[in-house]
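Trainee: The lines below spell out each chain.
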Amino acid sequence: MNNPDNLNEIRAIIAHHKRWDLLALTAGIIALMIAVLTFIALFGNMVIDGMPRLTWEFFTSFPSRKPEAAGILSAWVGTTLIMLVTAAAAIPLGVAAGVYLEEYAPKNFITEVIEINVTNLAGVPSIIYGLLALGLFVYQLGLGQSILAAGLTLALLILPIVIVATREAIRSIPVTIREGAYALGATKWQTVADHVLPYSAAGILTGVIIGLARAIGETAPIITIGALTFIAFLPASPIQDQFPFLSFEWLLEPFTVMPIQMFNWVSRPQEAFQHNAAAAGLVLVVMTLLMNGLAIYLRYHLRKKIKW
Amino acid sequence: MVRVPVPVISHPPKNLRRNHKRYLKERIIELLLFLAASLSVFITFAIIYLLISESLVFFEHVPLWDFLTDTQWTPLFDDAHYGILPLVSGTAVSSLVALVIALPFGTIIAIYLSEFAPFTVREIAKPFLELLGGIPTVVYGYFALLFVTPLLQAILPDLPGFSLLSAGLVMGIMIIPYVSSMTEDAMRSVPMHLREGSYAIGATRFQTAVKVVMPASLSGIAAAYILGISRAVGETMVVAIAAGMQPNLVWNPMEPAATITTYIVQVSLGDLPHGSIGYQTIFAAGLTLLLLTLVFNILGHLLRKRFREVY
Chain A
1 MNNPDNLNEI RAIIAHHKRW DLLALTAGII ALMIAVLTFI ALFGNMVIDG MPRLTWEFFT
61 SFPSRKPEAA GILSAWVGTT LIMLVTAAAA IPLGVAAGVY LEEYAPKNFI TEVIEINVTN
121 LAGVPSIIYG LLALGLFVYQ LGLGQSILAA GLTLALLILP IVIVATREAI RSIPVTIREG
181 AYALGATKWQ TVADHVLPYS AAGILTGVII GLARAIGETA PIITIGALTF IAFLPASPIQ
241 DQFPFLSFEW LLEPFTVMPI QMFNWVSRPQ EAFQHNAAAA GLVLVVMTLL MNGLAIYLRY
301 HLRKKIKW
Chain B
1 MVRVPVPVIS HPPKNLRRNH KRYLKERIIE LLLFLAASLS VFITFAIIYL LISESLVFFE
61 HVPLWDFLTD TQWTPLFDDA HYGILPLVSG TAVSSLVALV IALPFGTIIA IYLSEFAPFT
121 VREIAKPFLE LLGGIPTVVY GYFALLFVTP LLQAILPDLP GFSLLSAGLV MGIMIIPYVS
181 SMTEDAMRSV PMHLREGSYA IGATRFQTAV KVVMPASLSG IAAAYILGIS RAVGETMVVA
241 IAAGMQPNLV WNPMEPAATI TTYIVQVSLG DLPHGSIGYQ TIFAAGLTLL LLTLVFNILG
301 HLLRKRFREV Y
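In order, the protein sequence lines correspond to chains A and B.
Using the working numbering, read the first sequence as starting at 1 and increasing by one per residue.
Using the working numbering, read the second sequence as starting at 1 and increasing by one per residue.
In case anyone wonders, no lab produced these hints; they're calculated from the structure.
Note that beta-carbon positions come from the ideal geometry of N, C-alpha and C, so glycine has one too.
Do not rely on the hints blindly, as some may be mistaken.
Unchecked claim - Examples of chain A residues toward chain B, derived with CB under 8 Å:
(1) Asn6
(2) Lys18
(3) Trp20
(4) Ala27
(5) Ile29
(6) Val99
(7) Val124
(8) Thr187
(9) Lys188
(10) Ala213
(11) Gly226
(12) Ser267
(13) Gly293
(14) Leu294
(15) Leu298
Only chain A is shown next, with the shape it has when bound in the complex (with noise of 0.2 Å):
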């Protein structure tokens, strides 16, 4: 080994294989790069092209054939509306099948192929949720194109992801919580009602608010069912100034919803529309962000603050 030759060999291999680590490293960063750099030039693209548009008319007005004139009024109305129901399909559901599986499912046959299931659906293509939801909702129940349908669509689509959000909250609540509450004679259901849910409920809400994230999102599964991409009036009100108040009349009514009105306005030809569509798409993604933004702080909180 004293060999000087035979050293500067070995030198040369050890100068060698650091190169490849260097390289790596260099690739690993310019990968990253160009992620980052697609997001700037994508956002900003959209904010050259769709910030002049972003008036308070915009929001406030029906879409129109004059591009100058249209607006997202139904649009965000309609987004707001099928997120309601989505959230109170999906939370419920969600959060059920979620206890379900980590409180009480017994090890057997059927847990599994449940957990199986799971994380198929996940899987699955938003289209295929759209075309399930356009033979079940729209055609077997009758609901035809309507805001519930379209609610409860995306409920189906985000299932997967508040099922997985309840279960892992749930996962890492520590046994002997568990254990205090049966001590003191509480029931299984007492338990997880008064100690469970309620610790794990900032990470159901993180779980919650991805999946809200996405929902809002989805356009393929709602054209699917048939939504109509020009809708120049708002569906009914579900505050009324006459007894009983509440009207739940604008579930069964027509809706458009934001993508769909971007994903109609970028397919026209006229240059006028498309930045009608960046303004929307920034509306759009804006929302995204702050809501993914808000799941990863509390997250990131979570992780943090809380020490058993």
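Assemble chain B onto chain A, guided by the hints.
Mentor: This is chain B only, laid out in the frame that chain A set:
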């Protein structure tokens, strides 16, 4: 089920009755929770039942052989042809372009974040990639049509306004976060002592990553790749906006073409009566898509079993 013995026996009948009610309530709640959990199984069966039952009606009109071998897809024309091949070729080409981008870039980013990056970089980059993955696909479609296509046309003057190439490229960028975050999770779950053993015999970080960590996390990486593939195959809006919607039997990414998903969108945008043959074609196309993703999922399951490492 935890049943609490009652210590005081002064009023046994009353207490017992209360316990019975309590027991019943517990059972009802458990049943309700079970029903919510089984909903997912019901959804799966509903999807399969609907797609197959509508497709069966379709295949009464169109022989399966024609469906698989005809090279034209013109269901809404007078001279109707029902060959799925053009749609499958569009799907395959756009997915291939996307995967050529997403898999290498996703893997490189995962290696960097898991093996090279300092703590702060990882803490910033991971949520950033997550945000990138949360951007709606219709926005990526806009980006592909109005930013990437003109950019590519500057390099390739022959590129038409709609092309599988720009749709596939943007789809690839869109899928990078999914691939990189799953791959990174898989790599980080490899126990530290394997890395330490590798460093101890003088390996560099790159050698450790490629020769120790990646083989050990191969099953997780395979799962990430499979997820990327299913996403590319099932992606709809980017292709619908940037690749045009004409069914076109091409293998050249520089051409416009329709995919299985964009055909479904195109039909849904029009007004097709319930029960017509055109209505059934979208279910036949959906069944094809579901079978394609199923094949990849089974493949992924087998790969995971084959390469599962036990430490």
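Trainee: State for each hint whether it applies.
Mentor: Verification of the supplied hints:
{"no.": "1", "hint": "Asn6", "verdict": "violated (16 Å)"}
{"no.": "2", "hint": "Lys18", "verdict": "holds (6 Å)"}
{"no.": "3", "hint": "Trp20", "verdict": "holds (5 Å)"}
{"no.": "4", "hint": "Ala27", "verdict": "holds (5 Å)"}
{"no.": "5", "hint": "Ile29", "verdict": "holds (7 Å)"}
{"no.": "6", "hint": "Val99", "verdict": "holds (6 Å)"}
{"no.": "7", "hint": "Val124", "verdict": "holds (7 Å)"}
{"no.": "8", "hint": "Thr187", "verdict": "holds (5 Å)"}
{"no.": "9", "hint": "Lys188", "verdict": "holds (6 Å)"}
{"no.": "10", "hint": "Ala213", "verdict": "holds (6 Å)"}
{"no.": "11", "hint": "Gly226", "verdict": "holds (6 Å)"}
{"no.": "12", "hint": "Ser267", "verdict": "holds (7 Å)"}
{"no.": "13", "hint": "Gly293", "verdict": "holds (7 Å)"}
{"no.": "14", "hint": "Leu294", "verdict": "violated (11 Å)"}
{"no.": "15", "hint": "Leu298", "verdict": "violated (12 Å)"}
Going through the hint list in order, the structure does not satisfy hints 1, 14 and 15.
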